[in-house]
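According to the numbering used here, the sequence shown is numbered sequentially starting from 56.
None of these hints come from the bench; they were simulated from the model. Quantities reported herein were computed from a predicted structural model and do not represent experimental measurements. Treat the hints with care, since some could be wrong.
[Unchecked claim] Subject to a maximum C-alpha distance of 30 Å in a straight line, what follows is the list of computed DSSO-like cross-link-like pairs (lysine-lysine):
#1 463 - 437
#2 208 - 146
#3 213 - 168
#4 129 - 143
#5 241 - 129
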Amino acid sequence: NLLQHPLGLAGALLIGSLLLASCSHQPVKKVEVPAITASGLVAELEQQLVKDPNNPELRYKLGYAYTAQAEKSKSAADRKQAIREFRKVLKLVPGNENTLTALYNIYYDDVVKGDNKALERAQTRFSQLSPQARADVNPPSLAYFLQRYIAQKDAREKNPNELFDALLSATREQPASDKAYVQLAKMYRTQGYYPLAIATLKQAEGNQVKSRDLYQTLAETYEDRAEASGCAYEKSDSLYSAASYYQKAIPFATDKAESHYQLAQMFIDNNHYQLALNEIAIVLELAPTAENYAWAAQSYSMLGREQQALALLDKAKQQGLAPSDTAYHEIHMNAGNWMQAAVTFTDYLQAQTEISIYDSIKADIISDQTEWDFTAVKRTKKIAVRNEWEGAVYAYWTDKINRQQFEKTASNRCERTEYYFYSGYRDYRAGKTQAAKQQFTAVLQQKTYRFIERPLASHFLERD
56 NLLQHPLGLA GALLIGSLLL ASCSHQPVKK VEVPAITASG LVAELEQQLV
106 KDPNNPELRY KLGYAYTAQA EKSKSAADRK QAIREFRKVL KLVPGNENTL
156 TALYNIYYDD VVKGDNKALE RAQTRFSQLS PQARADVNPP SLAYFLQRYI
206 AQKDAREKNP NELFDALLSA TREQPASDKA YVQLAKMYRT QGYYPLAIAT
256 LKQAEGNQVK SRDLYQTLAE TYEDRAEASG CAYEKSDSLY SAASYYQKAI
306 PFATDKAESH YQLAQMFIDN NHYQLALNEI AIVLELAPTA ENYAWAAQSY
356 SMLGREQQAL ALLDKAKQQG LAPSDTAYHE IHMNAGNWMQ AAVTFTDYLQ
406 AQTEISIYDS IKADIISDQT EWDFTAVKRT KKIAVRNEWE GAVYAYWTDK
456 INRQQFEKTA SNRCERTEYY FYSGYRDYRA GKTQAAKQQF TAVLQQKTYR
506 FIERPLASHF LERD
């Protein structure tokens with residue numbers, strides 16, 4: 056988390072558990088510190104230094120004691136005294152890594168809090184650290200990025216270029232760390248600069264940076280780029296890249312169900328069903344929640360595996376699945392269990408504060424198949440139209456536009472999937488069996504694998 060202090064300074068300053076390194080270049084040793092207040096420890100160390108003023112270990116401990124006291128009291132005087140003590144240590148033991156790091160942490164914190172003069176001091180101390188020590192802290196420009204980000208947020212101002220520049224500097228200061236690259240890529244992604252986001256992350260990958268955050272962000276960026284096109288299935292190369300990077304991210308945290316969930320979705324979108332089912336099994340093993348069982352049930356349902364889908368739906372219900380989850384009725388719809396779909400869809404409608412245009416259409420389809428009347432329930436619900444395409448779908452369904460107008464509105468595979476299904480269903484309802492079959496077949500040819508219209512089209516094709 057970029058908003059955390061580079062070394063978790065507040066936690067490190069719990070004096071009772073502080074591990075103090077020898078200020079010489081000897082191996083680190085544990086120094087027992089009395090469990091007393093920071094002010095009491097300062098006084099005790101000051102007394103010891105009267106007898107032994109050139110003891111670097113005592114001064115190092117005193118510097119941390121003053122730092123802890125400053126953290127608690129917010130005292131600028133205590134903070135300055137901590138810096139003086141650490142500087143005295145460096146005079147006694149020049150180049151001591153732990154002391155340089157302690158000073159750097161103070162300056163880093165000052166930069167985050169708005170002291171721009173501290174930036175140069177932080178940069179100087181950062182350059183004096185060994186490569187290994189630099190790898191254990193955040194670079195100084197990242198502190199400046201945090202400062203400017205917070206300031207812009209507080210002032211409700213936007214100057215992304217200032218933030219971009221700070222993060223670019225941070226990548227140069229620390230090219231082998233993922234933090235600045237990931238944050239910079241996320242900012243580019245927010246602005247819609249997907250090629251820049253990917254290039255930034257690829258640069259880190261080229262610098263031999265390997266981490267879950269890097270690969271996860273790359274995967275999510277490819278997935279977002281595909282979705283930003285208006286229909287992710289139009290960008291199959293991006294979906295394929297997303298899947299490959301989710302696969303790279305997983306070994307860094309094999310117990311995170313979220314990554315397996317995302318990978319399963321990408322496998323489905325790439326038509327790798329058996330791989331998707333393997334990932335679904337892992338998700339259920341790691342996180343056997345009602346929502347995950349319901350998602351797994353819907354995934355099996357879309358593949359036409361009715362028995363497995365119903366078994367998983369039962370497990371979801373046992374885990375407390377809410378009636379408002381679409382799995383309750385869509386699995387029965389996909390299987391052609393229309394009376395069961397009518398019962399569960401009624402519960403679903405009653406649980407909604409507002410319904411989508413697709414909910415309204417599903418009510419009509421289920422009503423056609425069962426003569427179940429949803430009019431009373433629908434009348435109490437506001438119908439939400441989220442975008443222009445949904446407006447066109449609903450306009451066609453309610454006879455506000457004709458088929459030719461509807462067809463002209465469909466501009467990609469996702470929209471054509473819905474155009475073919477809903478126009479095909481109108482043909483089916485009118486008894487135009489051959490025309491309906493052509494439309495339902497066209498639905499399957501779009502290869503939009505996670506659209507509910509696919510299993511429904513398959514159902515009506517097999518039915519007749």
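These are the hints, each one checked on the structure:
no. : hint      : result
1   : 463 - 437 : 28 Å, holds
2   : 208 - 146 : 41 Å, violated
3   : 213 - 168 : 19 Å, holds
4   : 129 - 143 : 23 Å, holds
5   : 241 - 129 : 33 Å, violated
The structure fails to meet hints 2, 5 from the earlier list, while all remaining hints are met.
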